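A.B. asks: From these two lone chains plus the hints, build me the complex, please.
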Amino acid sequence: DTAVSQTPKYLVTQMGNDKSIKCEQNLGHDTMYWYKQDSKKFLKIMFSYNNKELIINETVPNRFSPKSPDKAHLNLHINSLELGDSAVYFCASSQDHRWGYTFGSGTRLTVV
Amino acid sequence: TQLLEQSPQFLSIQEGENLTVYCNSSSVFSSLQWYRQEPGEGPVLLVTVVTGGEVKKLKRLTFQFGDARKDSSLHITAAQPGDTGLYLCAGAHTGTASKLTFGTGTRLQVTL
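Chains L and C, in that order, are what the protein sequence lines are. Counting from 1, one number per residue, gives the positions in the first sequence under the working numbering. Counting from 1, one number per residue, gives the positions in the second sequence under the working numbering.
Only chain C is shown next, with the shape it has when bound in the complex (with noise of 0.2 Å):
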């Protein structure tokens, strides 16, 4: 099975302080991508990264790939109470299985 651990499981941080989730496995995947998910909602996709050291920005959030595409991080700056969500990556298998493989999950509160 290929497990893809996230770290921290729970982050409880105050408006304007800076965090970043840890998206780790020992397996090599196609792309990798994070999602967002609100209570009573179903995950939205924020961003895919393919290239191992590619870096992406989506106004205060910066995704990183690892080298070895076997891992990525999120970082938030000045972190805004509508951040709040569970955030989730996901790993696009390489080979002919069509299917994403979750992560555990961080899951934030950013309070005033």
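Only chain L is shown next, with the shape it has when bound in the complex (with noise of 0.2 Å):
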């Protein structure tokens, strides 16, 4: 009964492919974030939806699309992999982004 989950844990793959990583909460939350940790753990948000709706896009290459069918589900398709896209990418939902996020466990993306 994890609370965010996601799928992959880990991604390994070569430069110019196409991958998604898929992201579910179980709780209930309104809104949910795709946010990239770089080597340095410094964590940056990329999107967020609320019901279904994006409502941040932070000057992300437009390679990166996030799709959300329901409000429970937010998925990351990513064109084009560059050496830059590695990282690990992380998933959170909250109800009340003052009040925090529950995160999910993380992919591990590595373009070669």
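It is worth saying that the hints were derived from the structure and are not from the lab. Fair warning: this is a prediction, and the values are worked out from it, not measured in the lab. Beta carbons are placed, not taken as given, at the ideal position from N, Cα and C, and that holds for glycine. It is possible that part of the hints are untrue.
[Claimed, not checked] List time: in silico DSS-like cross-link candidates among lysine-lysine, alpha-carbon distance up to 25 Å: (1) K40(L) / K56(C); (2) K70(C) / K44(L); (3) K41(L) / K70(C); (4) K71(L) / K40(L).
[Claimed, not checked] Output of the computed footprint for chain L on chain C, the stretches with three or more beta carbons under 8 Å from beta carbons of chain L: (5) 23–33; (6) 36–49; (7) 100–108.
C.D. replies: What follows is the structure in structure tokens.
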């Protein structure tokens, strides 16, 4: 009964490929997020959806396309992967961001 | 960009010692949160502080929100090896942007 679950946990792929990461939450939260954590452990927001509607898009390349089929799911599709996309990607959800997020356990993406 | 600077970046101490981690910004936040992240996992929320000057205690951890709601500190008394991890502060923005900005992180190692 994991609250926020992401799949896969690890993803190793070649440059130029297209890949997807899936995220699901069973907390009934209205808002979901994608964050990228770089090698220095800095967490930077990429996208946020509220009830399936995109509300935050933080200057992320067009190769990244989030999709939210319903408020419990937020997937991330990445086209034409580049070496610089290697990072850990975290999905999170909240009912009110002022009271905190619940994070998934992350997806470590390695582009070779 | 509203940055949250944490200090120190790294801290290696022995079991039983006390420590304080600082989180500073020039911006005002509607709330401030502290998370702990362990290797291979997502950040886990420890506490949220909302009111300027607020102090919260969680067993051996004491959290304080600055009077002006721009900074915070985390004090650990009698550190234990189980306290080892990456500590992240996060500020909730005022206004309509429903997101958190995360601090630069403090990596704590507690040895026997």
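A.B. asks: Would you mind marking each hint as holding or not holding in the structure?
C.D. replies: Hints versus structure:
Straight-line distance between C-alpha atoms of K40(L) and K56(C) comes to about 29 Å, which puts the hinted pair past the 25 Å bound. The straight-line distance between the Cα atoms of K70(C) and K44(L) is roughly 19 Å, inside the 25 Å bound, and the hint therefore holds. A distance of roughly 22 Å separates the Cα atoms of K41(L) and K70(C); the hinted pair therefore holds under the 25 Å criterion. Taking the CA atoms of K71(L) and K40(L), the gap is about 31 Å. The hint is violated against a cut of 25 Å.
Restraint check on the region 23–33 of chain C versus chain L: 3 residues with Cβ-Cβ distances below 8 Å, three needed, restraint holds. Counting residues of the region 36–49 of chain C whose CB falls under 8 Å from any CB of chain L gives 8; the rule of at least 3 is met. Under the rule that three or more residues need a Cβ within less than 8 Å of chain L, the assignment of the region 100–108 of chain C holds, with 6 such residues.
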